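Please take these sequences and the hints and turn them into a complete structure.
Given next are the chains, with one letter for each unit.
Protein chains: 2
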Amino acid sequence: MPKMFEFKIHHKDKNSLARTGTFKTPHGIIHTPVFMPVGTKGTVKTVSQDDLKKIDAEIILANTYHLYLRPGEKVIKKLGGLHKWMSWNRPILTDSGGFQVFSLAQEKGLTKNTKFKTAIKIDENGVEFKSHLDGSHHYFTPEKAMQIQHDLGADIIMAFDECAPAQSSKKYFKEAMIRTHNWLIRCKKEHEKFSKKSQKKQALFGIIQGGTYKDLREESAKFVNKLDFPGIAIGGLSVGEGKHTMLKMIEKVTPHMDKNKPLYLMGVGTPEDLLECIDRGIDMFDCVHPTRMSRHGAFFTEHGRFSIKNTRFKTDKFPLQKNCKCETCKSYCRSYLRHLISENEILGLRLITIHNLHFLLNLMRTIQKEIKENNFTKFKRNFLRKFKSKNEKI
Amino acid sequence: MPKMFEFKIHHKDKNSLARTGTFKTPHGIIHTPVFMPVGTKGTVKTVSQDDLKKIDAEIILANTYHLYLRPGEKVIKKLGGLHKWMSWNRPILTDSGGFQVFSLAQEKGLTKNTKFKTAIKIDENGVEFKSHLDGSHHYFTPEKAMQIQHDLGADIIMAFDECAPAQSSKKYFKEAMIRTHNWLIRCKKEHEKFSKKSQKKQALFGIIQGGTYKDLREESAKFVNKLDFPGIAIGGLSVGEGKHTMLKMIEKVTPHMDKNKPLYLMGVGTPEDLLECIDRGIDMFDCVHPTRMSRHGAFFTEHGRFSIKNTRFKTDKFPLQKNCKCETCKSYCRSYLRHLISENEILGLRLITIHNLHFLLNLMRTIQKEIKENNFTKFKRNFLRKFKSKNEKI
Numbered sequence: 001m002p003k004m005f006e007f008k009i010h011h012k013d014k015n016s017l018a019r020t021g022t023f024k025t026p027h028g029i030i031h032t033p034v035f036m037p038v039g040t041k042g043t044v045k046t047v048s049q050d051d052l053k054k055i056d057a058e059i060i061l062a063n064t065y066h067l068y069l070r071p072g073e074k075v076i077k078k079l080g081g082l083h084k085w086m087s088w089n090r091p092i093l094t095d096s097g098g099f100q101v102f103s104l105a106q107e108k109g110l111t112k113n114t115k116f117k118t119a120i121k122i123d124e125n126g127v128e129f130k131s132h133l134d135g136s137h138h139y140f141t142p143e144k145a146m147q148i149q150h151d152l153g154a155d156i157i158m159a160f161d162e163c164a165p166a167q168s169s170k171k172y173f174k175e176a177m178i179r180t181h182n183w184l185i186r187c188k189k190e191h192e193k194f195s196k197k198s199q200k201k202q203a204l205f206g207i208i209q210g211g212t213y214k215d216l217r218e219e220s221a222k223f224v225n226k227l228d229f230p231g232i233a234i235g236g237l238s239v240g241e242g243k244h245t246m247l248k249m250i251e252k253v254t255p256h257m258d259k260n261k262p263l264y265l266m267g268v269g270t271p272e273d274l275l276e277c278i279d280r281g282i283d284m285f286d287c288v289h290p291t292r293m294s295r296h297g298a299f300f301t302e303h304g305r306f307s308i309k310n311t312r313f314k315t316d317k318f319p320l321q322k323n324c325k326c327e328t329c330k331s332y333c334r335s336y337l338r339h340l341i342s343e344n345e346i347l348g349l350r351l352i353t354i355h356n357l358h359f360l361l362n363l364m365r366t367i368q369k370e371i372k373e374n375n376f377t378k379f380k381r382n383f384l385r386k387f388k389s390k391n392e393k394i
Numbered sequence: 001m002p003k004m005f006e007f008k009i010h011h012k013d014k015n016s017l018a019r020t021g022t023f024k025t026p027h028g029i030i031h032t033p034v035f036m037p038v039g040t041k042g043t044v045k046t047v048s049q050d051d052l053k054k055i056d057a058e059i060i061l062a063n064t065y066h067l068y069l070r071p072g073e074k075v076i077k078k079l080g081g082l083h084k085w086m087s088w089n090r091p092i093l094t095d096s097g098g099f100q101v102f103s104l105a106q107e108k109g110l111t112k113n114t115k116f117k118t119a120i121k122i123d124e125n126g127v128e129f130k131s132h133l134d135g136s137h138h139y140f141t142p143e144k145a146m147q148i149q150h151d152l153g154a155d156i157i158m159a160f161d162e163c164a165p166a167q168s169s170k171k172y173f174k175e176a177m178i179r180t181h182n183w184l185i186r187c188k189k190e191h192e193k194f195s196k197k198s199q200k201k202q203a204l205f206g207i208i209q210g211g212t213y214k215d216l217r218e219e220s221a222k223f224v225n226k227l228d229f230p231g232i233a234i235g236g237l238s239v240g241e242g243k244h245t246m247l248k249m250i251e252k253v254t255p256h257m258d259k260n261k262p263l264y265l266m267g268v269g270t271p272e273d274l275l276e277c278i279d280r281g282i283d284m285f286d287c288v289h290p291t292r293m294s295r296h297g298a299f300f301t302e303h304g305r306f307s308i309k310n311t312r313f314k315t316d317k318f319p320l321q322k323n324c325k326c327e328t329c330k331s332y333c334r335s336y337l338r339h340l341i342s343e344n345e346i347l348g349l350r351l352i353t354i355h356n357l358h359f360l361l362n363l364m365r366t367i368q369k370e371i372k373e374n375n376f377t378k379f380k381r382n383f384l385r386k387f388k389s390k391n392e393k394i
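Order-wise, the sequence lines are chains A and B.
Residues 1 to 394, numbered by our numbering, are exactly what the first sequence covers, in order.
Residues 1 to 394, numbered by our numbering, are exactly what the second sequence covers, in order.
In short, the hints are calculated from the structure, not lab data.
Since the structure is predicted, the reported quantities are computational estimates derived from the model, not experimental observations.
Among the clues, some could well be false.
Any copy will do: because identical chains look the same in the list, a pair fits if it lies in one copy or spans two.
[Claimed, not checked] Once the Cα atoms are required to be at most 27 angstroms apart in a straight line, the calculated BS3-like pairs of lysine-lysine come out as:
1. Lys330 - Lys74
2. Lys317 - Lys77
3. Lys226 - Lys252
4. Lys330 - Lys77
5. Lys45 - Lys325
6. Lys78 - Lys314
7. Lys54 - Lys121
Structure follows, in structure tokens:
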């Protein structure tokens, strides 16, 4: 028996940092590179747990911030934890709530040289914030984030970090990074206070910050790597800094990483980004993009994204993508799906979400196969050429 | 091989007019008494065709008026007809559009002694109406209703009738009834113009009108019965006339019916009404009630209706109903379902709809069994006593 939370690398690509691996958790093994659908409030929007199993989602995400506010982590704990409560017996990852706490503040406006002036108050101990639901005051600390995630009981839990906005000053990015590092140590200590049994059930991942500055990213990477978490995440990217900068930051981080740990890039999830980031050594991803675009009627094909609302699909008898094996494409034509979306029928949202999640998860399985066959670089080039060929502007 | 659209009666209850039967259609056999879930726009709201098969829905309804307006019956015809377009290979019944055309007018106000003054214009030839979507003008005649339903291609199609509001005067009810009778003859003629092949594929049902007047209902019943349709519907009930009046009208109609034809009561579908009307000889039902109540978070149990929004379900670990075999109850607890509905998560609407439709269809299967065992009256009494015992006011 391999030990719990063991990450095994199975294949390394010869021409890039891409690799395949398995990460063992109490609720099953995750095959990497992996894309994790986001179930913010304990539900991946529009689909059921059974739908997710049919497209073979190996792990899903849930959000600490939202579940803490409603129904409250104590309710979920009382009902036997997140897995039992939501009837999902495969792995779950919960974020720490940090991103939500800070992204709310971003919406209120932050300039390059000022601190947040808004709904949140940051001190070295933690963050005071207002609920987006009712304006009530709450206080998150690293210890609080650990307690909530302990109550929720996900397989992978995340350290509480400060995610500074892309337009912050270097001075502020550094302050936020140092604070995040201090919080990481406190998260680790708090997590270690849990019983041995709990520790075996939950893996705590550390998070690298440092904004858009190479030296800060390197410093953060080294710091986090030393703390010897079972997995490491890169936070604070894909928040408006631009694609080029995002990839540069990843390239600065990876050389300092223990190669035997899974590397998780938070909040990334377009097919293009997945390929580029896997190329640079990322093993895990999550993003609301595929589920959100579905609810706007956009769908993936091997030729790019299209909008089902387009008039040309009105009498289209074909599935969203020819030869697609998803439940949607097996049964429904574009004409019917267009009708459902035009009429705001709920079934349409679900059917397109199923297709798009299947498309992404299937892409990840194909990537795993191509890495094993030392063909990743060629596959990536061909896929992107085709994918960008007919892409609608959506 | 029995002939197409053959209705066979299998068991008759000894103490009531309840009976079991089978109705053969080109897309399969329907076991009666049957409840038909309503899929107004070619989708039973929130659930997929696969969900409907899992709860063993034998037939569903779709609305001529809505599908005519969008996407248009010609689009559906081009895609191979309603069954193929919506990927449902079991029986479908389409209404004639009459009810929607008139119910729109009702909302605009009608007094006891006036005709409709509003968005619709009725003459002996047909009805001019405005689309509820964009105010565009349309004209439905019996012939037009037949043409649309022929293009849609449902197994059972309905005659075009005038459904006068419950508060109409007797004079107006009589005029509307006579018009409906004339239209029935025209519908029958038009349907017979279709090729022999089409006639074998679609059964036209006649509709009894006559409002809340016993003599008119009797007159209409005799008239419609003589036209020898393969099935007969009772229209214009459950539109605000009150439960007592509704049952009285049914009792006036049934003695004049050919007992070898299926009798369909349009727009009825609470558990209480289903039992009372089966008792009085009704074989087929449809209603938006179970799907609509689901989207408001109401659910059936053997002890009546409850609202999942009620605080007492916040930490309730039990399924909606103990021992229920539906997909929802097999996997999800009330606490999770309450959370989904409270958070406006789409999955919640679907899961509760699945449960409520399963509850009703399962009730129908149980009723069939009880009729076969000559136990219907006792079953009805016991069911209603229990069902009314803890019913919340919803």
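Against the structure, the hints:
Taking the closest pair of Cα atoms, Lys330 and Lys74 come within 27 angstroms of each other only across two copies (24 angstroms); inside a single copy the shortest separation is 41 angstroms, beyond that limit. Proximity of Lys317 and Lys77 under a CA criterion of 27 angstroms is satisfied inter-copy only: 12 angstroms between copies versus 48 angstroms inside one chain copy. In this assembly of identical chains, the alpha carbons of Lys226 and Lys252 lie at most 27 angstroms apart only when taken from the same copy (16 angstroms versus 86 angstroms across copies). Taking CA atoms no more than 27 angstroms apart as the test, Lys330 paired with Lys77 passes between copies only; the shortest distance there is 21 angstroms, against 39 angstroms inside one copy.
Taking the shortest alpha-carbon separations for Lys45 and Lys325, both the intra-copy value of 21 angstroms and the inter-copy value of 25 angstroms come in at or below 27 angstroms. In this assembly of identical chains, Lys78 and Lys314 lie within 27 angstroms of each other by CA distance solely across copies; the values are 11 angstroms between and 49 angstroms within a copy. Taking CA atoms no more than 27 angstroms apart as the test, Lys54 paired with Lys121 passes in neither setting, with 43 angstroms inside one copy and 52 angstroms between copies.
Hint 7 alone, counting from the list given before, is not met by this structure.
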